[in-house]
Amino acid sequence: MTAPQPVQPLPMPPLNDTAACAATVERLRRNREPRALVVGNPNVGKTTLVNAVAGTNLKVGNWSGVTVEKREARLKRGEQTLHLIDLPGAYSLSPHTPEELISRTALLDEAADALLNVLDAGNLERNLYLTLQLLDFQIPLALVLNLVDEAEQKGVVVNTAVLSAELGVPVVATVGSKSQGTNAVLPTLLDQAQIGRRVEYSAAIEYAAGVLVAHMNKLSTLPPQAHRYLALSLLESDPSLRGRLAATGHAALLEAADTERDRLEAQGIDPLIDIAEARYARASAIAQLAIPDAESRLTLTEKLDRLALHPLLGIPIFLALVLLVFRLTFSVASPFVDLIAGPLQEVASGWAVGLLGSVPLLKDIVVGAIIPGVGTVLSFLPTLLVLYLAMSFLEDSGYMARAAFLADRLMRGLGLDGRAFIPLILGFGCNVPAVYATRTLERRSDRVLVSMILPFMSCSARLPVYVIFSAALFPHAGAWVVWSMYMLGMVVAFVFAWALRRTSLPPEGSGVLLELPPYRFPAWAVMWKHAFRRTASFAKRARTTVLATVAVVWVLLAIPMSSGYTFNQVPPAQSLFGRVSEAISPVFAPLGFGDWQATGALIPGFVAKEVVVGTLGQIYLQEQAAQVTSLGLIQGVQQAASATWEAVKTSVAALPTVVALPSLSADTTAVQKSPLATALSQAFTPASALSYLVFVLLYTPCVATIGAIQAEHGRRVAWVTVAYELGIAWVAAFMVYQVARLLLP
Amino acid sequence: MSLPLKTILYSLSGTPRTLDELARELASSPQALEGMLQTLYAGGYVQQAEQGQGACACNGCSLKSMCRNFGEETPPFHLLRLTTKGERYLSAR
Chain F
1 MTAPQPVQPL
11 PMPPLNDTAA
21 CAATVERLRR
31 NREPRALVVG
41 NPNVGKTTLV
51 NAVAGTNLKV
61 GNWSGVTVEK
71 REARLKRGEQ
81 TLHLIDLPGA
91 YSLSPHTPEE
101 LISRTALLDE
111 AADALLNVLD
121 AGNLERNLYL
131 TLQLLDFQIP
141 LALVLNLVDE
151 AEQKGVVVNT
161 AVLSAELGVP
171 VVATVGSKSQ
181 GTNAVLPTLL
191 DQAQIGRRVE
201 YSAAIEYAAG
211 VLVAHMNKLS
221 TLPPQAHRYL
231 ALSLLESDPS
241 LRGRLAATGH
251 AALLEAADTE
261 RDRLEAQGID
271 PLIDIAEARY
281 ARASAIAQLA
291 IPDAESRLTL
301 TEKLDRLALH
311 PLLGIPIFLA
321 LVLLVFRLTF
331 SVASPFVDLI
341 AGPLQEVASG
351 WAVGLLGSVP
361 LLKDIVVGAI
371 IPGVGTVLSF
381 LPTLLVLYLA
391 MSFLEDSGYM
401 ARAAFLADRL
411 MRGLGLDGRA
421 FIPLILGFGC
431 NVPAVYATRT
441 LERRSDRVLV
451 SMILPFMSCS
461 ARLPVYVIFS
471 AALFPHAGAW
481 VVWSMYMLGM
491 VVAFVFAWAL
501 RRTSLPPEGS
511 GVLLELPPYR
521 FPAWAVMWKH
531 AFRRTASFAK
541 RARTTVLATV
551 AVVWVLLAIP
561 MSSGYTFNQV
571 PPAQSLFGRV
581 SEAISPVFAP
591 LGFGDWQATG
601 ALIPGFVAKE
611 VVVGTLGQIY
621 LQEQAAQVTS
631 LGLIQGVQQA
641 ASATWEAVKT
651 SVAALPTVVA
661 LPSLSADTTA
671 VQKSPLATAL
681 SQAFTPASAL
691 SYLVFVLLYT
701 PCVATIGAIQ
711 AEHGRRVAWV
721 TVAYELGIAW
731 VAAFMVYQVA
741 RLLLP
Chain S
746 MSLPLKTILY
756 SLSGTPRTLD
766 ELARELASSP
776 QALEGMLQTL
786 YAGGYVQQAE
796 QGQGACACNG
806 CSLKSMCRNF
816 GEETPPFHLL
826 RLTTKGERYL
836 SAR
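Sequence lines, in order, name chains F and S.
Counting from 1, one number per residue, gives the positions in the first sequence under my numbering.
Counting from 746, one number per residue, gives the positions in the second sequence under my numbering.
Please keep in mind that the hints were generated in silico from the structure rather than gathered at the bench.
Hints are not guaranteed to be accurate.
[Stated by the list, open to error] According to the in silico footprint, chain F covers these stretches of chain S (three or more CB under 8 Å from chain F):
id, segment
1, 749 to 759
2, 824 to 830
[To be verified] Examples of chain F residues toward chain S, derived with CB under 10 Å:
id, residue
3, Asn43
4, Glu100
5, Glu236
6, Arg263
7, Gln267
8, Asp270
All residues carry an ideal CB built from backbone N, CA and C; glycine is no exception.
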């Protein structure tokens with residue numbers, strides 16, 4: 001036996017021997033399977049391409065950012081195995097998103113054997129910026145020109161041979177989603193990828209980059225193939241790269257980079273701008289060579305805009321679309337308006353009589369004022385909801401921006417500031433915020449002028465008046481009547497603006513830069529959200545302003561002005577409200593509606609225009625309200641459900657009438673109407689109804705609008721507005737009545 | 746068509762603009778400009794002019810109660826403006 005010999009440790013290279021480490025890395029690299037990185041802009045179809053080439057099933061999406069981390073596919077070609085590493089989309093290697101940082105880090109750390117750069121053929125110039133950065137890496141590169149089918153649809157045909165020659169790397173054209181050309185990707189990548197022609201920067205930049213590359217050549221800790229890229233990024237002062245180099249002990253390199261930057265800046269050179277501009281210029285030059293005769297086929301948006309913004313057709317198309325909106329509104333919503341104003345109000349009144357029968361005064365207020373007054377106003381919620389849905393469709397589809405563009409042109413033609421279209425279009429919703437919107441106009445004269453014509457723009461509060469009269473007297477041409485009111489309001493506003501401009505306010509119109517977004521099909525959820533919010537705002541006014549006003553009118557209708565009557569026991573004509581209205585009514589006799597009921601409804605309309613229908617409901621339905629009998633819960637529910645089903649059927653059946661031709665004659669058919677519409681059809685003729693609508697459109701706006709004008713421009717302007725609008729309304733209504741009674745039966 | 750980055754910076758000086766406005770003013774396309782703006786953004790020459798800040802505040806706007814850009818939804822119009830670095834770059838040239 002011999003004593004055991006002590007075990008001698010094997011000689012190990014010292015840990016700080018960088019040369020030995022580099023040798024080990026190189027040995028491992030030689031022995032490992034080759035790796036290729038798939039790089040490209042977001043949403044160019046990288047993952048689809050990888051799936052098509054490798055037969056994998058990585059997740060694909062039709063939007064940017066589907067790949068948020070690198071993913072790997074292993075594939076074989078004969079005896080050769082290749083790892084394709086799918087990187088997140090990156091517009092550049094100057095990272096400012098996590099995805100770009102992941103891609104840049106992989107390029108620096110993965111020691112790739114080759115790069116596969118996927119480009120969108122339809123957006124070549126933009127995609128080439130990244131390609132030119134990749135060429136700063138000394139790594140063999142192959143290009144895949146993907147989505148060539150979509151590019152050709154846009155009229156873009158890329159000459160791949162020219163592209164390949166300019167970049168010095170092979171190019172394969174593919175449609176990844178259809179596996180077209182994908183068979184050539186792998187052979188090209190494995191056999192033909194090469195280090196291409198890099199961008200030549202200005203002499204000063206090239207010199208500074210050379211200094212830094214020389215510095216890096218003395219280091220073994222930075223990948224040699226990335227030296228040029230790193231040098232340029234340091235000159236660009238890439239903060240993430242500087243942070244990484246500082247953390248890995250490259251302070252001397254950073255100092256050298258700072259020295260070079262200072263030297264360049266002392267020469268008046270901003271390295272980041274210079275480097276980026278050189279790349280963009282090169283990308284542009286290559287794109288022009290590779291796409292010599294782009295025929296710039298029109299996109300759908302451009303085709304539609306040729307019609308929508310046509311100098312002659314633009315305005316008629318706009319008017320036709322507005323008419324279509326009103327026709328849709330009528331066809332779909334009218335049955336529901338009649339449902340609420342008729343059967344549902346009857347059921348609510350029946351229940352109120354049953355519940356409040358023991359409190360007569362309260363019952364009278366609810367059945368005689370609130371239900372016919374507020375209920376009538378609320379019955380127009382379906383109309384407004386459909387209208388707002390249609391308007392949201394026009395806004396979200398991108399069409400309203402075109403309408404604004406057309407209006408802008410018209411504004412300037414009238415000598416108005418181009419921006420005046422914003423408050424005027426807002427005025428279709430509500431005049432009050434529209435008056436405040438005149439603040440966006442620079443000159444006071446413009447602000448005053450636009451505020452003075454704004455009330456002629458028909459706000460949504462006036463719509464219920466148009467709708468109930470149209471249903472009563474023009475059931476087959478209701479949409480045309482409403483459309484005419486909106487058009488008349490605009491015409492009067494523009495004529496008035498034109499006249500003012502030529503009398504006291506000289507034109508100094510200015511252009512306005514408008515955003516014209518591409519057309520798109522709006523999301524239903526968003527449309528519904530906008531429409532619901534606006535309709536809810538209208539409903540809120542019904543339970544505040546309208547409720548308070550109808551309560552006051554009810555009190556005035558209950559105060560007797562003749563002996564022999566007591567409070568709330570007086571015929572409407574003998575009430576304080578009736579007497580005052582009658583005293584004023586001769587003023588309106590030449591307009592065709594000289595009775596106290598029609599006149600009386602206009603008075604509370606000063607508070608809010610929708611109150612006109614509420615008051616008409618109170619006046620004309622008061623007699624019916626007195627005859628309402630109690631209704632049981634079950635009976636009421638059955639009655640309401642049955643009427644609702646009928647309304648749904650009528651609404652669906654009426655859809656085809658959206659494109660029907662109008663008839664302006666008075667209704668002679670037995671179309672079912674709401675009680676108020678029936679009452680109005682007996683009280684008005686078609687001519688007097690049109691006159692009434694014109695007066696409602698043009699007469700003094702609500703007190704809130706007057707208050708807004710006073711707050712913005714002073715009391716004098718507010719009173720002048722009240723006065724001239726009353727005058728214009730009277731004259732216009734008179735003219736319409738005189739003409740209409742000759743033309744209409 | 747590629748544009749010198751300086752041209753973009755000049756267009757943004759003084760007035761914040763959206764990508765579409767810039768594209769129209771410079772007779773370029775939003776797609777072509779987007780990459781250049783990202784370069785300038787990454788380099789710290791331009792920034793997003795966020796609503797509620799500075800001259801782009803919604804608070805002074807009379808339309809905010811009706812504007813879908815205000816508050817609840819992602820603003821569809823991204824305004825871009827120069828940073829101090831961008832202004833300094835232009836003033837040095």
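For each hint, the structure was consulted:
A stretch counts as covered by a chain when three or more of its residues have a beta carbon under 8 Å from one of that chain; for the segment 749 to 759 of chain S and chain F the count is 3, and the coverage holds. Judged by the Cβ-Cβ criterion of 8 Å, the segment 824 to 830 of chain S is not covered by chain F as claimed, because only 0 of its residues qualify and three are needed. At its closest, the beta carbon of Asn43 of chain F sits 12 Å from a beta carbon of chain S; the interface hint therefore is violated under the 10 Å criterion. With a cut of 10 Å, the hint placing Glu100 of chain F at the interface with chain S holds, because the nearest CB-to-CB distance is about 9 Å.
This hint holds: Glu236 of chain F has a C-beta 7 Å from the nearest C-beta of chain S, less than the 10 Å allowed. Interface restraint check for Arg263 of chain F: the shortest CB-CB distance to chain S comes to about 16 Å, outside 10 Å, so the restraint is violated. Checking Gln267 of chain F against chain S: minimum C-beta separation of about 12 Å lies over 10 Å; hint violated. Because the closest C-beta pair between Asp270 of chain F and chain S is about 6 Å apart, less than 10 Å, the hint holds.
The earlier numbered hints that this structure contradicts are 2, 3, 6 and 7.
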